[in-house]
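*Asks:* One-letter residues, chain by chain:
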Amino acid sequence: MTRCDDAEQVPPEASGAGVFVADDEVGRDLASVDWRATPLGPPEEWPQSLQTAVSILLSSRFSMWMAWGPELTFFCNAAYRRDTLGRKYPWALGRPAGEVWAEIWDDIGPRIDTVLATGQATWDEALLLFLERAGYPEESYHTFSYSPLRDDSGTVVGMLCVVSEETERVIGERRMATLRDLGSDPSVVRTEQEMLGFACRQLGRNLRDLPFTLTYLFQDGGGARLAGVTGIAAGHPAAPLTTAAGDPGTVWPAAAPARGESVIVPLDGAPFADLPAGAWPEPPTQALVVPLLQQGSAPYGFLVAALNRYRPLDEAYRGFVELAAGHVAAGIASARSYQAQQRRAEELAELDRAKTVFFSNISHEFRTPLTLIMGPVEELRARLQGADPQVREELEVIRRNGLRLGKLVNTLLDFSRIEAGRMQAGYEPVDLATVTAELASLFRSAIDKAGLEFQVDCPPLDEPVYIDRGMWEKVVLNLLSNALKFTFEGAIGVTVRGEGDHAVVTVTDTGIGVPADEVPRLFERFHRIENARSRSNEGSGIGLALVQELVGLHGGTISADSAEGEGTRFTIRLPYGTAHLPAEAITTAGTGAGATAADPYVEEALRWLPADEGGEPAGDGMELPSHDGSAARSGGSAVPARVLVADDNADMRGYLVRLLKGAGYLVSTAGDGMEALDAVRADAPDLVISDVMMPRIDGLSLVAALRSDPRTAAVPVVLLSARAGQEASIEGLQAGADDYLVKPFAAAELLARVRANMDMARLRQHQARWRSALVDSLQEAFFVCDEQGAVIEINSAFTDILGYGPENLPYTPIHPWWPDPAADPAAYQQVADAFSGLLGPGRGSYTIPVVHRDGHRLWISVTFNEAQDPDTGRHVVVGTFRDVTAEHYAIQRESALASLSTGLSQAGSLSDALTGALRELRGLWRATSVLAAVFGQGEEPALTVEGEPVDWHGLPGDRRQTLTDLLRRPLLTPVTERDGAGILLEHPEGQLALWIDLGDHRPFTGEDQVLLSLLAGRLAQGLVRAHQIDQQRETAIALQRAILGPSRLPDGFAVRYEPATRPLEVGGDWYDTVALPGGRIGIVVGDCVGRGVQAAAVMGQLRSACRALLLQDDSPARVLMALDQFAAGVPGARCTTVFCAVLDPETGRLSYSSAGHPPGILAHPDGSTGLLDGGRSVPLAVRPGATRPESETVIPARATLMLYTDGLVERRRRPLYSGIDQASQAVQDGRNVAVDDLATQVMIRLAPADGYDDDVALLLYRHPAPLEMTFPAESSQLAPVRKALRSWLGQCDLPTQIVQNVLVAAGEACANAIEHGHRHAPGDIVRLRAEASVDNLRLTVADTGRWKSPEPEANSHRGRGVALMRAMMQQVTITPGPYGTTVDMQMRIA
Amino acid sequence: MTTPLTLTPGVRPDGVALLTAAGEIDMSNTDALAAALDSTPGPVVIDLTSVEYLDSAGLSVLFAHADHITLIASPLLTPVLTISGLADLVTVAEGDSGV
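Just so you know, the protein sequences line up as chains W and X, in that order.
Counting in the UniProt record's numbering, the first sequence runs from 1 upward without gaps.
Counting in the UniProt record's numbering, the second sequence runs from 1 upward without gaps.
Where hints are given, some of them may not hold.
What the hints assert, rightly or not - Keeping only pairs whose Cα atoms sit at most 20 Å apart, straight-line, the calculated SDA-like set for lysine to any residue is:
id	chain 1	residue 1	chain 2	residue 2
1	W	K1283	W	D1293
2	W	K1283	X	S50
3	W	K88	W	S164
4	W	K449	W	T510
5	W	K1283	W	R1329
6	W	K1283	X	E52
Stated by the list, open to error - Covered stretches of chain X, going by a simulated chain W footprint (3 or more residues, C-beta under 8 Å):
id	region
7	20-27
8	56-67
9	78-91
Said to hold, decoys possible - Partial pick of chain W residues on the chain X-facing surface, computed with a CB cut under 10 Å:
id	residue
10	V950
11	S1275
12	Q1277
13	A1284
14	R1286
15	N1301
16	L1303
17	V1304
18	C1310
19	A1363
20	L1364
For the record, the hints were derived by calculation from the structure and aren't laboratory data.
By construction, the Cβ of each residue, glycine as well, lies at the ideal position given by its N, Cα and C atoms.
Given the sequences, and given the hints that come with them, work out the whole structure.
*Replies:* As structure tokens, then:
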């Protein structure tokens, strides 16, 4: 190593620095910390647990920091450095955490203390902290958890913090909320003042981003007036009510916003002396003044926004303020435009009234000017045959429309004449067939041109028909015109026939026909069939009405037959002769001006036909001079704006095309609404101008169709109509049209409207772009769902999080990000449940698992709300979600770690610990199985399996290979394969290769890997601990065997021992009995301070000492005094409490002394209890050398003595005597139960709900002890047995007669046993046992022989013996068996 | 070791033979009792006042001689004598219970 030379200057390259290799950069900086100067010392001496923690920290991609040791020495990883630490890096490394985060220690210090004190993790979501990482106190939000870190012995010595910074999200949401509120004005109509009031209320709700705001509006006369304030009082020195124009001394600079510029104003100086602080402790230090922009004009005014001093004025903040100002400006624009619209509507209504009056009064006056137009036009046509084609074309337009207008005027006048009865008719006799055929022939060219067959079948009639030629022309031409208008293929036919006294004329077509219910109304005046497909929508709906009137004037009738889709037939019947006509109107002959009258009809019909599109194709060469070329640019780009003109009138189309082209627009055309819709859908123009009345789809339907399709909804539409009046205008605007122009209109007005709407659309698109930019800038994913749950709009965060982009919208359910129902039904169900909640009413939020487009699993937290689409009125669901995968896994990690730790801490052995941990891992990942192979000393690894049991040889070869391969991997580094994941960790007996078999190809994500390495680290620590416990227990059990208690208890005693420290089976409490000279018994119950192995060691010494002392001296008081001296020399023995007694089992005499020990309990046979509370003094070694008192008592026959340690009776928040009373009651209640059973009962009855929390020793003695005797089966034994039994019965304090009865019964049983013994196996052993409780005496005699059935004849006295036993005792059971007979006898003695 | 039993033959003031027993009578020493009775023909009064224990073996001997014996016994033995039915066959006089 080249560094060796200057090793003294450079901090020593610690050998333990291997702990830092997981991260190059932070690891290097950590390695160069002078650790010797910290309480942690050099890394090579760090405990395994610290090394593990640091490795995990450095290898994690999540932002984490940790603190360890007495000073909470600070560590962090690269992610934390980047996200949070800022300028404090690398200064912070190795420093006390309290110094690193001094500015927020008040917030986080108590949390860390809690973690260290309780070992419980904390969780904080979006906690506001003021960090000084960028040179100023910065408002920042953090979601983090502190979890405890434990050293090798399990003590909490530090904490790990997993943190994600959410400043952007929290602040973004807050600003978004303000903007949303600003845009959520529920009312439609408001005045400017109302609108400003609303906006101020919204701005005033965000005092964090906008501590105060001022809204100034420019006034006509210069200067500005204060129109709204938030967070500050109007009239405050910083909020003057007006500002004068051009005054340099004014508080706010009005000049810059007047030019449309923003300006930052530092808030220092006199007017800003006493500013309100908004939601913050300190007032703002600067304000942003932004203009309230007006499209195409000077700004309305400006907004002063005081700025949050705890955030930088970055792009996002500036954008927020500008957007807020934009909302205010848009509100002002809409309020002012609403007022303007209202004024215009009033004006229109007035105009309409005037027009109605005008038309009704002077319509007949049209004829004169029309004639004066048409005459010169005809002359000009003739004169200009050879002129410029454009001149001729324009003349044609004038002429055609002059004809049409003339026809309309004539028709109207005809009506008024007919209605007034002033129709001047002259009926002359004609050959109707010839006249009709001639009229029909006028239409032949038009019908041919339309590609229709024209069948004229008019053979001459026998009689003349009287007609007015002019009227008849109108009849025939109207009918033919009508037929052509509605017939697209097939034929049109005209026939004339004679039929009786009538001539019958029919006009038939194969057109669209008329619905049956419309037929009766065909001849109604002004009735039009809605939505009928026709060549033109021109027409007033009076043609057929006029025909009927005219036919009626001829005394004839007209009828119609029609079938929808097949065609229509009109049949006219005219009577021959003149009888039906007024005589004065009959003329004899004459020639009408048929051709002139026919012109308008035919010319009009020709205009409907496609090949005659003169206005448009010709329009290419008809550029009008541009009014203002720049107006027609779209969106400020160099590309001219495109306009689509939809009108069924070719002339109008042509006129509009010329007009618009002249203004510099690119124009395309459509002949009806359907064509227009197709054209817009194919390639949306910048604006559509459409006539309202059009065939197939009319203008209103076109608007509705465009608005309902999101792709075309934004295209502005200007409607043109001949229908004037406010209602028509409102109808058009309600349908969604952007503007409405009534014919006739001035070219300049049309162009102005087109331009205004184009600008408005651009503004709207600008806002839409802002909206989508804003939505896109959201950190949270944003989406809109329609009523069916299809996702129809998303933002870029959505795409970032889920991988699904806007190009495939809409996403219909089941959405592609749902989990696979087969592979993960639980996750699928979660999403399905959330989805049904989403479609339900109201709002909600869910955290659900979803699948990224690339297949990886995510957790998202979705919040959604029902909303109404303001354009379509449809219900939609608007939602946002954020990626909470990290949080989800952090929580999962915490709970998995907690669960694993709990399991490990409760495990009683190494194998328990491992098995439990494998079960946790399997549950956590829902794994098929989890394998743990420990490669230790043995030839083959020791395999532990959670799942289908299998041994090492039963594993597939490749699985064995996988596990073996893990040995070559670094420790705690996960390895994944397609069907699972593995990791290597330290096991106390070797290396442990762990394999999680996921089986079904589920992905094992990066999160899973982090978790696995954390868990494996924890497991390795836990295994070490469990191993220590194993070793401790082995030692302890050996110790316990040596010291706990006497291997054999004297008769009459029962004991129990319950150690508090679960894995250990010894503790500080003990009991002892010592056989003393003279048949007496020394009894000791003691309780050393503490528990566990240390207390057990002290206990062992005291127990041995006490035992030895008792053998030397039978005075309990003196024994304890000697023990005082001994205990004074044993560390940890001080304050041990001991109850020491000497019992004479013959007499029940008990002498005792207590060293601070709870009193013994004596349950008398009569149901009373007493306490052995004499002989009391202080615990051991408290006053060595002081004299101890001694007491004496006699245990009555059949009484029960209980000695115990305080663990049995002492409970928190309960006086000791209450426990002693409870124990007394328990003994008393069991005074009739055998002592061993009583011991079990007492332990159960006094146990707290969650088990004893302290060592418990319990000793019971019932006086007298049961009598147990064994003797050879010889009759000579009877007398001594009887003597012993008599003596024992005497101890039991029983009446003489009972004693005698028992003696007789026992004697008979023994005699029987001896007889058997003699007979079958001389010298065999007979066993007698007698036991007395309070009211029962039980006697058992057992031999090894075969019982003899009573046979009084053969052996009368034996039979008498059994009879005697049955007579003397209350219950006698003789149980013979192959190896002996047992006689069991009981008697109630109470 | 044989159960302690003292048998003292004698004659009552009325000339009837008297056998005074003291101690305990069980199967280990009934032979002695039987021998004493066998050696005393004619009516005999057996004083069991000082007998503290009498078992079925002893009763058997007494049953065998039931036709010529009269018993004096303490209340301690009354249950045995009554239950065994001996009291129905022979006269049992109450002796002092001063055992």
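*Asks:* Does each hint hold? Answer for all of them.
*Replies:* Tested hints:
Only pairs whose Cα atoms come within 20 Å are accepted, and K1283(W) paired with D1293(W) is accepted, the gap being roughly 15 Å. Between K1283(W) and S50(X), the direct Cα distance comes to roughly 16 Å. Compliance with the 20 Å bound is thereby established for this hinted pair. With a CA separation close to 18 Å, the supplied pair K88(W) and S164(W) stays within the 20 Å bound. Restraint check for K449(W) and T510(W): satisfied, since their Cα atoms lie roughly 16 Å apart, inside the 20 Å limit.
With a C-alpha separation of about 14 Å, the suggested pair K1283(W) and R1329(W) falls inside the 20 Å cut-off, and the hint holds. A C-alpha spacing of about 11 Å is found between K1283(W) and E52(X), which places the hinted pair at or below 20 Å, so the restraint holds. Counting residues of the region 20-27 of chain X whose C-beta sits closer than 8 Å to any C-beta of chain W gives 3, which meets the bar of three, so the coverage hint holds. Counting residues of the region 56-67 of chain X whose CB lies closer than 8 Å to any CB of chain W gives 5, so the stated coverage by that chain holds, three being the minimum.
With 4 residues bearing a CB less than 8 Å from a CB of chain W, the region 78-91 of chain X meets the requirement of three and the coverage assertion stands. The beta carbon of V950(W) comes no nearer than 70 Å to any beta carbon in chain X, farther than 10 Å, and the hint placing it at the interface is violated. Interface hint status for S1275(W): upheld, as the beta-carbon distance to the closest one in chain X is roughly 4 Å, under 10 Å. Residue-level restraint check for Q1277(W) holds (minimum Cβ-Cβ distance to chain X is 8 Å; threshold 10 Å).
For the restraint placing A1284(W) at the interface with chain X, the shortest Cβ-Cβ distance is roughly 13 Å, beyond the 10 Å limit, so the hint is violated. Interface restraint check for R1286(W): the shortest CB-CB distance to chain X comes to about 9 Å, inside 10 Å, so the restraint holds. Against a cut-off of 10 Å between C-beta atoms, the interface hint on N1301(W) holds, since the closest Cβ of chain X lies about 7 Å away. Taking 10 Å as the C-beta contact cut-off toward chain X, the hint placing L1303(W) at the interface holds, the least distance being around 6 Å.
Contact between V1304(W) and chain X, as hinted, is supported at the beta carbon level, the nearest pair being about 6 Å apart and thus within 10 Å. Look at C1310(W): its Cβ gets to within about 9 Å of chain X, closer than 10 Å, so that hint holds up. Checking A1363(W) against chain X by beta carbon gives a least distance of about 7 Å; that is within 10 Å, so the hint holds. A least Cβ separation of about 6 Å between L1364(W) and chain X falls short of the 10 Å threshold, and the interface hint therefore holds.
When the structure is compared with the earlier hints, violations turn up for hints 10, 13 and for no others.
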